[in-house]
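For the sequence shown, position 388 matches number 388 in my numbering, and the numbering has no gaps at all.
One or more hints might be untrue.
[Stated by the list, open to error] Heads up, simulated DSSO-like pairs for lysine-lysine below, C-alpha to C-alpha not over 27 Å straight-line: (1) K217 - K395; (2) K476 - K395; (3) K471 - K392.
[Unchecked claim] Taking CB as the label site, the calculated pair distances span: (4) N121 - T411: 15 to 21 Å; (5) S271 - K217: 28 to 34 Å; (6) L165 - D204: 27 to 33 Å.
Since the hints were made in silico from the structure, they are not lab data. For every residue, glycine included, the Cβ atom is placed at its ideal position computed from N, Cα and C.
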Amino acid sequence: MPTQNDHLTPADRLEKGNPPISPSSSPPLSPKVKTKRCTLITSASLAIMASIIVASFVSSEKETPPDSTRELNSIDDKLADDFTESSVDHMDEISYGVKNAGTTENLVGKQFSGDEFSNENKFELVLQGELQLVSLRYIPESFSYSSDDTYYGVEVEFCKLDYNLHNEDPSEAPTMLHLYELSDHCAENSYKFDLSSLAATARDYDSQSGSTTHSMKPSGFMFGEGRSGSTVISNAITVAHPQSTRVVVENPAISYLLNACNDLRIKHAISDCNPLAQKLALLDIMYLVGRTNDSFEANMYIKLSPEDNEYMAVLLDSFPDAKWTFTYRNPDVVLSKNLQKYRDSICRKAKVAPSNAAMEHAQMIGADDFTALTMAEACSAHMVAMRNIAMKESKSRSTGRLIDYDSELKTGTLLIDEILPNVFGIDTADMVTRSRVSDQIGKKSGRTGGNGIWRGYDPDEDESNISMEVKHANNKFFGNRRYL
Numbered sequence: 001m002p003t004q005n006d007h008l009t010p011a012d013r014l015e016k017g018n019p020p021i022s023p024s025s026s027p028p029l030s031p032k033v034k035t036k037r038c039t040l041i042t043s044a045s046l047a048i049m050a051s052i053i054v055a056s057f058v059s060s061e062k063e064t065p066p067d068s069t070r071e072l073n074s075i076d077d078k079l080a081d082d083f084t085e086s087s088v089d090h091m092d093e094i095s096y097g098v099k100n101a102g103t104t105e106n107l108v109g110k111q112f113s114g115d116e117f118s119n120e121n122k123f124e125l126v127l128q129g130e131l132q133l134v135s136l137r138y139i140p141e142s143f144s145y146s147s148d149d150t151y152y153g154v155e156v157e158f159c160k161l162d163y164n165l166h167n168e169d170p171s172e173a174p175t176m177l178h179l180y181e182l183s184d185h186c187a188e189n190s191y192k193f194d195l196s197s198l199a200a201t202a203r204d205y206d207s208q209s210g211s212t213t214h215s216m217k218p219s220g221f222m223f224g225e226g227r228s229g230s231t232v233i234s235n236a237i238t239v240a241h242p243q244s245t246r247v248v249v250e251n252p253a254i255s256y257l258l259n260a261c262n263d264l265r266i267k268h269a270i271s272d273c274n275p276l277a278q279k280l281a282l283l284d285i286m287y288l289v290g291r292t293n294d295s296f297e298a299n300m301y302i303k304l305s306p307e308d309n310e311y312m313a314v315l316l317d318s319f320p321d322a323k324w325t326f327t328y329r330n331p332d333v334v335l336s337k338n339l340q341k342y343r344d345s346i347c348r349k350a351k352v353a354p355s356n357a358a359m360e361h362a363q364m365i366g367a368d369d370f371t372a373l374t375m376a377e378a379c380s381a382h383m384v385a386m387r388n389i390a391m392k393e394s395k396s397r398s399t400g401r402l403i404d405y406d407s408e409l410k411t412g413t414l415l416i417d418e419i420l421p422n423v424f425g426i427d428t429a430d431m432v433t434r435s436r437v438s439d440q441i442g443k444k445s446g447r448t449g450g451n452g453i454w455r456g457y458d459p460d461e462d463e464s465n466i467s468m469e470v471k472h473a474n475n476k477f478f479g480n481r482r483y484l
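Kindly produce the complete structure, drawing on both the sequences and the hints.
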């Protein structure tokens, strides 16, 4: 039986700061949430400073926190600026607690609300469906071929997500990151467990007679190019039948697992990564993501991050009954949007950690040295490669559909009358349901969160504003194949 795992305390988080999104951390924090915490951190810092002054009269010895984590990241600083990318850590936990601090610990603790589960068994809370999976971490040997097609050393992180915030208005919390930030418990607390042990125990727990928990298999997946309308679809599904539906949007744990072998190979020169072991871990992750203690919840839909499109076949092979969409639009508009500052994480990853598919496409047109490509060119190559994957899956499966944003999503009518009912099997005949969906898709949303009513015009979509850099990059990699 797995033992209860370490609790990340507020002091841990203060000392660690806010690391970039990675398999070793919680999702990153937005500027709004960072500002909200600034007062807490400042007050805590003053308390620590005061205690240090007092302590200096008692002892001059300084204690250095033991750094038992080995970072394997080696990304060029210029490319990594403002870029959220994955890292791989050993799983030894760093102890950052302030020892022998006496009153300091109490002063720091007063700056934060207490953990509502401080006196409860965290493992049991997960089994009972009270906590949700939000992230994971793995070690370099987690998916080694030497482990006979299984995995080990994968650690998952849980906290209490408030899915009601997403169901009430998904435009205000369109991704897991936003939901994580808005969920009070997750803001200051999380718990870590071994994935393999937890998944096995959870399956046994759910299969018991009279169990109040169950796991939902994915009913559908939403893939798409960045800023091409997949969020519009996920938001619409969320509000159509909120009591019976859970929509999981860009869960970092899923993304980290899908990208694990590629990240190990490209970023860390580790080729010992068995796809079969990786897939086994993926199935365990999906099982845990789908768990609920709400008897009304019956359908789970998952929206993937744009960088996860390369793994469409892996997901669709694993869940062959799931319906799916892939959204796309004018590639000049997509590339232009994804190169903008604070929006360019997809393109930065395409440049720094290119997918096999992107590199293969580049080689096909004579661009053998991927490192010589500009960020715009690397991103364009990535977009073409992902479209090719989507077209291949569309031709080989009858469960999905390619969706053109400009002709099928922009007005919203086809989404309600065609895409939701005929692709995903979601009933939209009821006028109340139609009204909820219509109101939701009329709101402007996206990866940065909702910010008002959609007015029907976005200057970023004006082709006269498209830079020559974007046009040249897409001419090089798309040629005349601008639309599917």
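Consistency of the hints with the structure:
no.	hint	in the structure
1	K217 - K395	holds (24 Å)
2	K476 - K395	holds (26 Å)
3	K471 - K392	holds (26 Å)
4	N121 - T411: 15 to 21 Å	violated (51 Å)
5	S271 - K217: 28 to 34 Å	holds (32 Å)
6	L165 - D204: 27 to 33 Å	holds (31 Å)
The earlier numbered hint that this structure contradicts is number 4, and it is the only one.
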